[in-house]
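Chemist: The chain contents come next:
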Amino acid sequence: MNSIHDMGGMHGLGPVVAEHSDHVFHEYWQGRVFALRMACSFHRKWNADMGRYARERMPAANFLTASYYERALYTLETLLVENGLVTSAELSSGNSTGKAEVSGVLQPSAVAAIVRSRRKSRIDEEIAPHFNVGDRVMTLNEHPIGHTRLPRYARGRQGVIDRDHGVFVFADSNAMTRDRKPQHLYGVRIAATELWGDNASPRDSVYLDLWDDHLKPV
Amino acid sequence: MSDHHHEDDHDHHHNSPLSGTALRVKALESLLVDKGLIDSKTLDEIVDTYEYRVGPRNGAQIVARAWVDPAYKMRLLANATAAIAEFGFIERWAEDMVAIENTPTIRNMVVCTLCSCYPWPVLGLPPAWYKSDAYRARSVIDPRGVLKELGDDVPESVEVRVWDSTAELRYLVLPERPSGTEGWTEEQLAAIVTRDSMIGVARIELPNVTS
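Sequences listed follow chains H and C, in order. Those letters in the first sequence? Residues 1 to 218, by our numbering. Those letters in the second sequence? Residues 1001 to 1211, by our numbering.
Don't read these hints as lab results, they were simulated from the structure. The beta-carbon is built from N, C-alpha and C at its ideal position, and this holds for glycine as well. Treat the hints with care, since some could be wrong.
What the hints assert, rightly or not - Sample of chain H residues at the chain C side, in silico, Cβ under 8 Å:
#: 1; residue: 17
#: 2; residue: 34
#: 3; residue: 112
#: 4; residue: 127
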């Protein structure tokens, strides 16, 4: 969807302010939100792509004024209600009306293994690639109302297949219907001048990871 | 929706009353415990893991190994997931990693314009600036300007490659080994590898160069 989360190329968002601290949570509640998200994902009621789509649906004006962990909190609340783990009445009152139907909870002893084994999106299936390394491709100029990993700034642009990453779950469909739609994922190189015009450096480029369904031959 | 919009990752309000957001999080945690969905001790464990156990020191060990061991470097650049699995930070079948090498003529920098994807197992959680709207928006359109703001002026003769993490692949930049480190041990080298150099926004400078 063409909302505010898709920020690549925007102006007006200020300078990048460096921060040389290794401190990851600046407030206690930020760590709790991060951990709540991981502990709730354990129930497998949603996948990472559904999580991203939930965040993207935060109303744009609210999104811009929220911090990273406020956005994460909104996302978690949305997922909990949409996937039936909590009702919106429980969320607003804070009072449970009964235990959720789940088979267990993430245990402290299981955290270390989860940290090393997050996400498996590569699929071991023999599927023919539509493109080969070195092929010239055109990204689709499509504007789906649902989730997509093809950013606006890179739509309708010519690029070159830099590498074939293998077969992966297709995030765009996995987010909407859990349809994994396995297909090849490629590193696609697009020249900076193709994306941003002649004022961009002719040496520079942006590499994006895009799926067969995002590309057509040139 | 939050009614507390003035807080960001840079704020430090010690000893102040709980903000609206902090109260909302506390209420949510308590509700989820009551619903039988989480164990608060697990939350402590997750926070502790990402605060103290997983971080850029993991990535620094990988970089140092690649600097001293040409065969390891080849494995890392050819199949980063498997090469990183040798250290045990990540399972061989888990999150897919790609390592990209800086050279005197090529600079790589990593961003996620659509969210804030970042290689957690090797770098820990990202710094606030990496997740900032400004970095996400500008890295792709003005990488040289962003690098300059972060203190790194890249000559026009050097090619800049920006990697937008749009899929479940995570990027680790293999920074250039600074001159003056010939003969250093892997441990000494790991100690000078910075988080920002592995995101690709900084070169590695030697501390207290005397020669």
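Chemist: Compare the structure with each hint and give your call.
Modeler: Against the structure, the hints come out as follows:
Because the beta carbon of residue 17(H) sits about 6 Å from the nearest beta carbon in chain C, less than 8 Å, this interface hint is met. For residue 34(H), the interface hint holds, since its Cβ comes within 8 Å of a Cβ in chain C; the closest pair sits about 7 Å apart. The beta carbon of residue 112(H) comes within 7 Å of a beta carbon in chain C, closer than 8 Å, and the hint placing it at the interface holds. At its closest, the beta carbon of residue 127(H) sits 16 Å from a beta carbon of chain C; the interface hint therefore is violated under the 8 Å criterion.
Of the numbered hints given earlier, the model fails hint 4 alone.
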